[in-house]
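So the sequence lines, in the order shown, correspond to chains R, E and Y. Position 292, counted from 1, in the first sequence is what this note's numbering calls 292; the numbers after and before it change by one each time, with no gaps. Start counting at 1 in the second sequence, then tack on 1000, and there's your number in this note's numbering. Start counting at 1 in the third sequence, then tack on 2000, and there's your number in this note's numbering.
Some clues are possibly wrong.
Short derived list, chain R residues pointing at chain E, Cβ under 10 Å [stated by the list, open to error]:
1) 52
2) 54
3) 128
4) 131
5) 132
6) 133
7) 145
8) 146
9) 148
10) 150
11) 156
12) 280
13) 281
These are computed hints drawn from the structure, not numbers from a lab. The beta carbon of each residue, even a glycine, is placed where N, CA and C say it ideally should be.
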Amino acid sequence: MATEVYMPRLTHDMTKGRLLRWLKNEGDTVNQGDVLFEVETDKAVSGVLAEASGRLLSITYHENQEVPVGAIMAFIVEEGEEIPSMIVSMPQFNAEQISRIDHIPTEKTQYEEDNNQGSSSKRRLFVTPIARKLIRQHNISIDQLKGSGPRGKIIEADILQYLRQQENRETVINVAQSELEFELVELSEIQRITGQRMIQSATTIPQFMLEVDVSTEGVFHLREFLKAQLGIDISFTSFLVKATASSLKLHSRLNASLVDGHIHIYKQINIGVATATNHGLVAPVVHNADTLTLAQIQERIDYFQRQAGSKGFTLQDLSGGTFTISNLGMYGIDRFTALINPPEAAILAVGRIHKQVALKDDHPVEQQMLTLRLSVDHRILDGATAAPFLIDLKKTIENPNSIS
Amino acid sequence: MSMPDKDISTRKLSYLMAIREAMQEEMRRDKNVILFGEDVERHGGGFGVSKELWEEFGDQQVRNMPISENCMAGLALGAAMTGCRPILEFMFMDFSALAIDQICNEAAKIHYMYGGQTNAPIVYRCPQGGLSYKSAGAHHSQSLEAWYVHVPGLKVVFPGTPYDAKGLLKAAICDPNPVVFIEHKALYNNEGIVPEDEYIIPLGKADVKRTGSSITVIAYGYMLQFALEAAEKLMPEGIDVEIIDPRTLNPFDEECFFESVRKTHRVVLIQEACRTGGVTAEWGMRIEEECFDWLDAPIVRVAGEDVPIPYAQSLEEKVWPNISKIIAAIKNVCYFN
Amino acid sequence: MTGQSIIPSREKQLEMLQTMLKIRHFEMAAGQLYKRGVLKGGVHACIGQEAIPVGISAHLHRDDYITSTHRGHGHHIAKGADVRRLMAELMGKETGYCKCRGGSMHVAAFDVGSLGAYPIVAAGVPIAIGAAYSIMHRGSDQVVVAYFGDGALGQGTIYEAFNLASIWRLPVIFTCENNYFAVSTKTEATVALKDIPGFAASFGIVGKRVNGQNVLDVYNAAGEAVDRARKKEGATFLFFDTYRFEGHYFGEPEIYRSREEVQKSKDELDPITLYIATLINSGMISKQAIEAMEKDCQREIDEALAFAQQSPLPNPDEYARYVYA
């Protein structure tokens, strides 16, 4: 029996993946464990391994195609085996077919779809008449739409929102085309996905900001001390991860997500650290940060630095974040607002450390300071519940001995 | 006759007085306008609508009838075909059932089956409905417009405000066809602006009682009051309701419905009458036929339950539409739930 | 019969005979059309009953009103309706009285005072009351004849109408054509009244039983009734005994009566035969003159048939015309 090569579900919410490239060609002999192809998901690029040995045949998807999870992409065939013709001719259920079936439902497909309400890839799409009319009128591909009506029904508002987005994009492009010379730069998949998540963040999450100025004198002295006594160099970021994890433990509501109208408060504290790469912005995660020592955290941060400059991150590196820290201090930014990384409840934006005059025992003194700005999902928290976390974090940073 | 600006006039009149004034003006204008009915003379009819008319017009134009509804309706038809313009008051619309032969088999068809040789300018005044007219039970609370809307040749009018009641009744009296003019008993004491200047409201024209952009609500009779209240309650939630009062139920102003639905893409239809076979079923179907591609949600009805009207108030309230049922339906159609 | 018998003038009498013949020939022509399949719907002939509308209409003016029934051709011809337009109506032509929206059961001739035929039994009676009310309202001296059959005595509307006519002293002549069968049911099986014309007295209305096969009896009874109505002295109920020689409609199986009974009635109770005998006996007319009169009638009906046949069918696109005035 031939072995199916299919698009694996690599993350919980993955419904499709972009086939970046095949590493084996039609007819190649492959061994179990060989990397067959690379897939880009919204989190990372992954290689998919061969589950059997044999010849790779009947490749049906090509580079840069979006492939639904579970779709058969090729077969690995042993000597003497045949590709079952029935399976080969079985149509792949992709987004275009969903829209076709939706327009002209045959009894069979409708029955099958109705019986597969639970399956995310084979669900019947409901579209209201006016939405259909607009889809036809504007020649919109239905798989670009997300329904906000009951049972995910695509309603007029969904189309109008889509058209507004398109219009904005086209306006920009039109201006550039008619008046300006430009260099065309394609968005990387990570940039494209980051963009979508930030639209989601900016348009669906009501966010408010809290800000505190924090003295970093204490941290400075602690770092000096650790370097002198233990010979380890702890970066400010690592210290911040530790301090944040420690405060989150006390204020767990910030370590949470809003899921279907309920708040999930996570037991693990997994802190993402926003990191720039050549392909775009990612947030590799320091898992269980509250249980790690400063040295262990530093090890992890060093790893992030190395990966960012070279191969990039694994799915494991990028999965499971519950809170994100974004530090632009090294770029000379005083303070800024970060957009929440959905579905997290908050994000901490960290500015640069700089000298400031402050009053100490009623005397003006020069102090190392920085500004922390916390963006909070107002559906999960309000000012009164979020403020104690930030104050606690400030105290922790200013009195670092309490955590080391 | 020009349309007076109702925004300038400040005279308030009840629905009942507006109807009386319409009859009074038409009876003064034309002595062939005659009011027939049970107890319409001194007693003023079942609800006092025609009080003082007998005193002014006498037997010549206001006549008490025996309790013989079918004969009354036949008499009205015979008189109408030979030069009179009868107004026939049924004490309760429920009693018009006894006269359906004369109304539906004869008057409605007379112009057609006799090839235009004659016509029947009759107004059948029919007080109907329940709601704040409580505990009248199965024979004094029904909403029966659908019976008559189903008959070609009849016009069916149902005003929801004093202003409309007067203007439409004058139009009905002047109309060359038989007109079933429905009055809601619970509206009789409702007051509204009715200008002193004479005016007439053409039959077959709907009125947009409230403009809005989120949803079209079609409501008539007493249901118009409910719809208007529901709209005010929904405004703060961001649902901007457009309310259309068809006023004439047959022939109805379907273009007005279509125009609104093409704008809002959503419809809720409201009737006090029991659901099955109701007029809103017809309107909803017409909208579906003409405006399918404009709809963004299913067409939804709020209607009375399919039961005889019960006596106990707790049962009555269950049976009739109310504001919360209407609000729930509107939210549902606007995907607000 | 009470009251004094009046002998109409010779001219009037010949006119009555001619009208009876015209009705007979019209109905026979309709029967032919039915048998040939030209007429599709129900056609209810009044053959045998001609004397009643003729004797009554002899007293009526053009602007007096009648309301008729499903068996109404005779009522209309007697009232002076144009047989060409009646025939065209039966044949479904645009030139019919009702532009062919009505047909045999809904003939009407408003130009000669007919307010229409009402095939819903007794439905025309309250309408007649309304026309009578309108006459009172206008103060004119018109009268109204409300035709109905013995079957209508089962309808409450009749008694409602008697009640109102009496209360308001309306100028109406209630005219019951008792042909003994409501479709197939004998009158006595469904009407409990022992003395049918007598019930009118309870309403304060004069009621009379009249031989409907004798046109002169009809003429006399109707004369009193019409006179009473014109003088605003109240309504009259005339209960005419008659017999229909055809079935309830053309082609009806007539299982409720024997051929012998029908033949005996035709032999003994034909109002035309009886009247011709009377006229010849009294020397008012010769046999030759009657033959000539019959030929005239036949020609008139033939012309009516030709007129109807040559007339256009209604335009199907105008099916909705006349729904609303």
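Structure-based check of each hint:
1. A least Cβ separation of about 48 Å between residue 52 (chain R) and chain E goes past the 10 Å threshold, and the interface hint is therefore violated.
2. Violation of the interface hint for residue 54 (chain R) is found here, the shortest Cβ-Cβ separation to chain E being roughly 52 Å, above the 10 Å cut-off.
3. The beta carbon of residue 128 (chain R) is positioned within 10 Å of a beta carbon in chain E (closest approach about 5 Å), and the interface hint is therefore held.
4. Nearest Cβ of chain E to the Cβ of residue 131 (chain R): about 7 Å, under the 10 Å cut. The hint holds.
5. The closest approach between the C-beta of residue 132 (chain R) and any C-beta of chain E is roughly 7 Å, which is under the 10 Å cut-off, so the hint is satisfied.
6. Of the supplied interface hints, the one on residue 133 (chain R) holds, with its beta-carbon coming within about 4 Å of a beta-carbon of chain E, less than 10 Å.
7. With 10 Å as the threshold, the beta carbon of residue 145 (chain R) stays out of range of chain E, its nearest partner Cβ sitting at about 14 Å, so the hint is violated.
8. With 10 Å as the threshold, the beta carbon of residue 146 (chain R) stays out of range of chain E, its nearest partner Cβ sitting at about 14 Å, so the hint is violated.
9. At about 7 Å, the closest approach between the beta carbon of residue 148 (chain R) and any beta carbon in chain E falls short of 10 Å, and the interface hint on this residue holds.
10. The beta carbon of residue 150 (chain R) comes within 7 Å of a beta carbon in chain E, closer than 10 Å, and the hint placing it at the interface holds.
11. Taking 10 Å as the C-beta cut-off, the interface hint given for residue 156 (chain R) holds, the closest approach to chain E being about 4 Å.
12. The restraint placing residue 280 (chain R) at the interface with chain E is violated, with a minimum CB-CB distance near 35 Å, outside the 10 Å limit.
13. At a threshold of 10 Å, the smallest CB-CB gap from residue 281 (chain R) to chain E is about 34 Å, leaving the interface hint violated.
In this structure, the earlier hints numbered 1, 2, 7, 8, 12, 13 are contradicted, and the remaining ones agree with it.
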